[in-house]
Amino acid sequence: MSDEERLKVLEEKAEELRRLAQANGLDLSAEIAVLEEKIAELKRALCLGISPWERVQMARRPDRPSGLPFVQALCEAFYELRGDRVVGDDPALRGGLAKLAGHRVAVLFHHRGATPEEQRRARFGMASAQGYWKARRIMEVAARLDLPLLTLINTPGAYPGVQAEAHNIAGAIASCIWQMLRHPRPTVAVILGEGGSGGAVALAAADRVLILENATYSVISPEGAASILWKDAKFAQEAAAKLKLTAHDLRELGVVDEVIPEPPGGAHTDFTGTVEAVREALLRHLGELTPLPLDELLRLRYKRYRHVGSTNSAH
Amino acid sequence: MSDEERLKVLEEKAEELRRLAQANGLDLSAEIAVLEEKIAELKRALCLGISPWERVQMARRPDRPSGLPFVQALCEAFYELRGDRVVGDDPALRGGLAKLAGHRVAVLFHHRGATPEEQRRARFGMASAQGYWKARRIMEVAARLDLPLLTLINTPGAYPGVQAEAHNIAGAIASCIWQMLRHPRPTVAVILGEGGSGGAVALAAADRVLILENATYSVISPEGAASILWKDAKFAQEAAAKLKLTAHDLRELGVVDEVIPEPPGGAHTDFTGTVEAVREALLRHLGELTPLPLDELLRLRYKRYRHVGSTNSAH
Amino acid sequence: MPIRRDKRDRYVEIEVSAPQEPLWVRCESCGELIFRRKLQENQYVCPRCGAYFFLSARERVASLVDDGSFTEFLPPRVAEDPLGFADQIPYKDRLTRARKETELFEAVLAGSAQIQGIPVILTVMDFRFIGGSMGVGVGEILALAMERAAQERKPFVFVISSGGARVQEGVLSLLQMVKVVVARERLAQAAVPYVAVLTYPSTGGVLASLGGVADLTIAEEGALVGFAGPRVIEQTTGERLPPGFQTAKFALEHGMVDAVVPRAKLREELSQALSVLVA
Amino acid sequence: MPIRRDKRDRYVEIEVSAPQEPLWVRCESCGELIFRRKLQENQYVCPRCGAYFFLSARERVASLVDDGSFTEFLPPRVAEDPLGFADQIPYKDRLTRARKETELFEAVLAGSAQIQGIPVILTVMDFRFIGGSMGVGVGEILALAMERAAQERKPFVFVISSGGARVQEGVLSLLQMVKVVVARERLAQAAVPYVAVLTYPSTGGVLASLGGVADLTIAEEGALVGFAGPRVIEQTTGERLPPGFQTAKFALEHGMVDAVVPRAKLREELSQALSVLVA
Ligand SMILES: [Zn+2]
Ligand SMILES: [Zn+2]
Numbered sequence: 063m064s065d066e067e068r069l070k071v072l073e074e075k076a077e078e079l080r081r082l083a084q085a086n087g088l089d090l091s092a093e094i095a096v097l098e099e100k101i102a103e104l105k106r107a108l109c110l111g112i113s114p115w116e117r118v119q120m121a122r123r124p125d126r127p128s129g130l131p132f133v134q135a136l137c138e139a140f141y142e143l144r145g146d147r148v149v150g151d152d153p154a155l156r157g158g159l160a161k162l163a164g165h166r167v168a169v170l171f172h173h174r175g176a177t178p179e180e181q182r183r184a185r186f187g188m189a190s191a192q193g194y195w196k197a198r199r200i201m202e203v204a205a206r207l208d209l210p211l212l213t214l215i216n217t218p219g220a221y222p223g224v225q226a227e228a229h230n231i232a233g234a235i236a237s238c239i240w241q242m243l244r245h246p247r248p249t250v251a252v253i254l255g256e257g258g259s260g261g262a263v264a265l266a267a268a269d270r271v272l273i274l275e276n277a278t279y280s281v282i283s284p285e286g287a288a289s290i291l292w293k294d295a296k297f298a299q300e301a302a303a304k305l306k307l308t309a310h311d312l313r314e315l316g317v318v319d320e321v322i323p324e325p326p327g328g329a330h331t332d333f334t335g336t337v338e339a340v341r342e343a344l345l346r347h348l349g350e351l352t353p354l355p356l357d358e359l360l361r362l363r364y365k366r367y368r369h370v371g372s373t374n375s376a377h
Numbered sequence: 063m064s065d066e067e068r069l070k071v072l073e074e075k076a077e078e079l080r081r082l083a084q085a086n087g088l089d090l091s092a093e094i095a096v097l098e099e100k101i102a103e104l105k106r107a108l109c110l111g112i113s114p115w116e117r118v119q120m121a122r123r124p125d126r127p128s129g130l131p132f133v134q135a136l137c138e139a140f141y142e143l144r145g146d147r148v149v150g151d152d153p154a155l156r157g158g159l160a161k162l163a164g165h166r167v168a169v170l171f172h173h174r175g176a177t178p179e180e181q182r183r184a185r186f187g188m189a190s191a192q193g194y195w196k197a198r199r200i201m202e203v204a205a206r207l208d209l210p211l212l213t214l215i216n217t218p219g220a221y222p223g224v225q226a227e228a229h230n231i232a233g234a235i236a237s238c239i240w241q242m243l244r245h246p247r248p249t250v251a252v253i254l255g256e257g258g259s260g261g262a263v264a265l266a267a268a269d270r271v272l273i274l275e276n277a278t279y280s281v282i283s284p285e286g287a288a289s290i291l292w293k294d295a296k297f298a299q300e301a302a303a304k305l306k307l308t309a310h311d312l313r314e315l316g317v318v319d320e321v322i323p324e325p326p327g328g329a330h331t332d333f334t335g336t337v338e339a340v341r342e343a344l345l346r347h348l349g350e351l352t353p354l355p356l357d358e359l360l361r362l363r364y365k366r367y368r369h370v371g372s373t374n375s376a377h
Numbered sequence: 040m041p042i043r044r045d046k047r048d049r050y051v052e053i054e055v056s057a058p059q060e061p062l063w064v065r066c067e068s069c070g071e072l073i074f075r076r077k078l079q080e081n082q083y084v085c086p087r088c089g090a091y092f093f094l095s096a097r098e099r100v101a102s103l104v105d106d107g108s109f110t111e112f113l114p115p116r117v118a119e120d121p122l123g124f125a126d127q128i129p130y131k132d133r134l135t136r137a138r139k140e141t142e143l144f145e146a147v148l149a150g151s152a153q154i155q156g157i158p159v160i161l162t163v164m165d166f167r168f169i170g171g172s173m174g175v176g177v178g179e180i181l182a183l184a185m186e187r188a189a190q191e192r193k194p195f196v197f198v199i200s201s202g203g204a205r206v207q208e209g210v211l212s213l214l215q216m217v218k219v220v221v222a223r224e225r226l227a228q229a230a231v232p233y234v235a236v237l238t239y240p241s242t243g244g245v246l247a248s249l250g251g252v253a254d255l256t257i258a259e260e261g262a263l264v265g266f267a268g269p270r271v272i273e274q275t276t277g278e279r280l281p282p283g284f285q286t287a288k289f290a291l292e293h294g295m296v297d298a299v300v301p302r303a304k305l306r307e308e309l310s311q312a313l314s315v316l317v318a
Numbered sequence: 040m041p042i043r044r045d046k047r048d049r050y051v052e053i054e055v056s057a058p059q060e061p062l063w064v065r066c067e068s069c070g071e072l073i074f075r076r077k078l079q080e081n082q083y084v085c086p087r088c089g090a091y092f093f094l095s096a097r098e099r100v101a102s103l104v105d106d107g108s109f110t111e112f113l114p115p116r117v118a119e120d121p122l123g124f125a126d127q128i129p130y131k132d133r134l135t136r137a138r139k140e141t142e143l144f145e146a147v148l149a150g151s152a153q154i155q156g157i158p159v160i161l162t163v164m165d166f167r168f169i170g171g172s173m174g175v176g177v178g179e180i181l182a183l184a185m186e187r188a189a190q191e192r193k194p195f196v197f198v199i200s201s202g203g204a205r206v207q208e209g210v211l212s213l214l215q216m217v218k219v220v221v222a223r224e225r226l227a228q229a230a231v232p233y234v235a236v237l238t239y240p241s242t243g244g245v246l247a248s249l250g251g252v253a254d255l256t257i258a259e260e261g262a263l264v265g266f267a268g269p270r271v272i273e274q275t276t277g278e279r280l281p282p283g284f285q286t287a288k289f290a291l292e293h294g295m296v297d298a299v300v301p302r303a304k305l306r307e308e309l310s311q312a313l314s315v316l317v318a
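Residue numbers (the working numbering), protein chains in the order written: chain A, 63 to 377; chain B, 63 to 377; chain C, 40 to 318; chain D, 40 to 318.
Just chain A, same shape as in the assembly (with noise of 0.2 Å):
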């Protein structure tokens, strides 16, 4: 039995003893919170001292907090934008204005699907050229509206697909990543499960990123590079540790502001633990970055991107 069934087992057993307490009236705080104890344990253990590529797999989990679910439960009221305008409307990417603790805001992320319906249309959470350039209207219009941008990040990468690259792709998340070095209000990103290359990093070029701890951010799949590099896709657990993608590394190089912590067990076990956590975070950055005038975000900004890796700041 895996810790993850036998932590399953754990869960059903203390809930069902809550139940009995409370049918037949009697006392079984003690037992309970010996289970209770026990299940803390096991979800400390699932989380600590997991491994990149164990970490890999955890963000790529299909039932991770994420998407229209996450946006929804994030924020009080969430209206959905749709449409690049020119072409077509894309299910992968998408975005609206809502607000969240009181405060208008734009909101842009990535949907992966909960239906394998769903999935399917939203191609598992790969963007096409029409959701980046979806994108970069839904940025132009919090701009006018002075708005600031949160962006919700969850993607294995932007979608090779034939269609994608005759709707330029390349230039829409190029325009992405413009748009929003350009956005005259506070801009945070938050990596959720995958921050998969250039599908992440057109939504990534924000005042402050964070991450969840057990998300990834990283140039290429760890098997895309074990192909590559390697030549044999079985390196991929080794590429993995090597491209220092995890949470803690990105936080080490400097990549990321934050590291927000998940519950035990991961953040898909528990869905409201982990909005919480991410709003929390998310209003203390903004909360910082509100006060300040437009120039000094700007020059923060381009302080904040212009060095990245120019000086032996990590190691």
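Derived by calculation from the structure, the hints in this document are not laboratory data. Fair warning: there could be bad hints in the mix.
[Said to hold, decoys possible] With a Cα cut of at most 27 Å, we get these calculated DSSO-like pairs of lysine-lysine:
1. B:293 / C:139
2. B:70 / B:105
3. A:70 / A:100
4. A:75 / A:100
5. B:296 / C:131
6. A:296 / D:131
7. C:77 / C:304
8. B:161 / D:304
9. A:293 / D:139
10. D:288 / D:139
11. B:100 / B:75
12. D:77 / D:139
13. C:288 / C:304
14. A:293 / D:131
15. A:161 / C:304
16. C:131 / B:293
Got chain A; can you put chains B, C and D with the ligands on it based on the hints?
Quick look at chains B, C and D with the ligands alone, frame taken from chain A:
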């Protein structure tokens, strides 16, 4: 024999006399002078007192100075920009960067094509969605590079096609108008031939709007108005008069700032002279606008368009 | 009048006749005779076949705003009949007739209102008024409304039902396209949001100006969204129109609008949109 | 090495081997043995079949600028091997080898130059240098060059030949996409023009950042222009690639570039473009 045919005969005769005089060393200057006077008289006759409907016909002449040849003659240097960066390129609406009397400018223009093949490809100057999305892109480039924007208009109207609709031609035209109104440097539009409806106004939201003497600018073609309002295409001539679409009507309505005279006989009888006249007027208006600070330019632009027709300024 | 489509899913335009007030109305789409009060209660959607009837500007306002919250703006002073135009009948007579029939000053109605408690500046077109065409009057009403929205920092809402430009005002009607966009830029400068609502029909110069530059665009289910009318396209290009061409769904699939909603849910949809647009 | 296409008009990538200097070179496209000097004179286009060979950065510079006008910038101080990376060989060794083979500090060469008398800041990539990949060094060289162009108010010219990001520098190479765009914004703020030249190959992170946001974009006839490589697309999606996919002509037809020119005319084309970009 029509006046135009008579003119042609006289011009050939004069040319022959000149050739004879030169070849045989004869002095035929008196005879030539008589002919030249007749020619000038006929040209004046052709131009004056012509009806709105005749001007509509003149504005539509395929040999009217316009399009790429016009721009190449107008500017010392012209570099074409192509493509809307999302879908494709449109040969009916073209543009690029140019040098005009030593000044860097951006130019947008309708191109109807010279050869039948070119005309077919350019849909006789009816630009599609891609053309207007490209135009907006070129306006953005011009804004970024701080260049004045010139537009040269000659179109029956925007193209009414399935692909045009699918790529949001209405949004593209609206975006052109908007971008032109936000342009941070002077903008001057010249209506060279047909100024047809939305396809024309997309490029005509300028600080100054000039028009050639026999060009037209109208909300609808006279034929269209006749069939909609009179339910009979035969009323096209009457509609042409009532729509007030001639240069002089437009000047009276305050819609255009200047009517550029055409050479006797019409612009098509003198390509070089027409280009020169347009060039002189363009430089004069640019010269007036260039010293204005941006806020004053935008104030005047707002004033100009905010009150079109709002008061009984005409009649 | 109901909005019909023929078998190939295209819209068929219908002559708009003078609004009498018979007790019973026939749905031209399914033939059903409907009690007028019933039709009204159903927001002018045929209870039998779901066909959308035109909604007058006043009925549209009533269907969208909080009861009693609408304050109509005074009509502006504009050049009436600036060209002295006459076709089969003088334009002045046409204007007079439209005013009498619709009890509106122009093809657009403007005022301040509240939508589920949110104050907005609301402008609603009326297709019965010379095909909802935009002339100097419509342009002026829209521009004034936008200037007011910018000044009062209230969201600007524009419900379109228009066949395009007011041909009888010639090039002056064409230039209203520029006028409304220059006023729209004022909204942008003030960071005041602008919501467009596309209904049947949203075409021509209105769509290709103010209708094309909203921050947020909602289409009513029965909307027709396009620059050129279906017949013009067929006649000019000889192209076959694909099924569902220029419907609200077509517009959504081609990335032109943010949402498509049935008429009955438009008020709720608008208030949801507005709730994220205001502080 | 020549750039070949297979029968379906797709590009075939070719291993780039160490540049020796044999007197004769075989065209891998048509099999012709070509005298090296002759190939050089023909700007590395096969005189027999017209296939494009890679041009090294220095050869590209020589083919574009006025004789003797190029002044190379000093290499910047950057983090070398910031991750301490090793795959089959240590990244440090790979870098050392690339430097020795190409006699370049990095995959892009930067300097000031004149093109037909017009002063520019010129940056040229070299595909032989680890596939023209963009790591911290390339990002730094490009950003410094753009800052200099903005300061000196000279047009910035960027000739791309890149397979994408420098995988061995991990996420730091990915972030160079942001670095070069933030520097590009400096050009925009100074109203200094930026011209991109796309050659074989212009792909991945370089195209999807600095390569995608030029004021004016020229593609060399033999260019490959695309975000994802053809093989990746086929493998990931199973889609059949249309003929001419990702060629310069494809890019032109799909609105992505302003012009396509043969290599022999690139210098003249650039000078024409620059002539309308400078006062
Ligand atoms: Zn019915
Ligand atoms: Zn060969």
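Taking the hints in turn, this is what the structure says about them:
no.	hint	result
1	B:293 / C:139	holds, 24 Å
2	B:70 / B:105	holds, 11 Å
3	A:70 / A:100	holds, 12 Å
4	A:75 / A:100	holds, 12 Å
5	B:296 / C:131	holds, 23 Å
6	A:296 / D:131	holds, 23 Å
7	C:77 / C:304	holds, 18 Å
8	B:161 / D:304	holds, 21 Å
9	A:293 / D:139	holds, 24 Å
10	D:288 / D:139	violated, 36 Å
11	B:100 / B:75	holds, 12 Å
12	D:77 / D:139	holds, 26 Å
13	C:288 / C:304	holds, 16 Å
14	A:293 / D:131	holds, 19 Å
15	A:161 / C:304	holds, 21 Å
16	C:131 / B:293	holds, 19 Å
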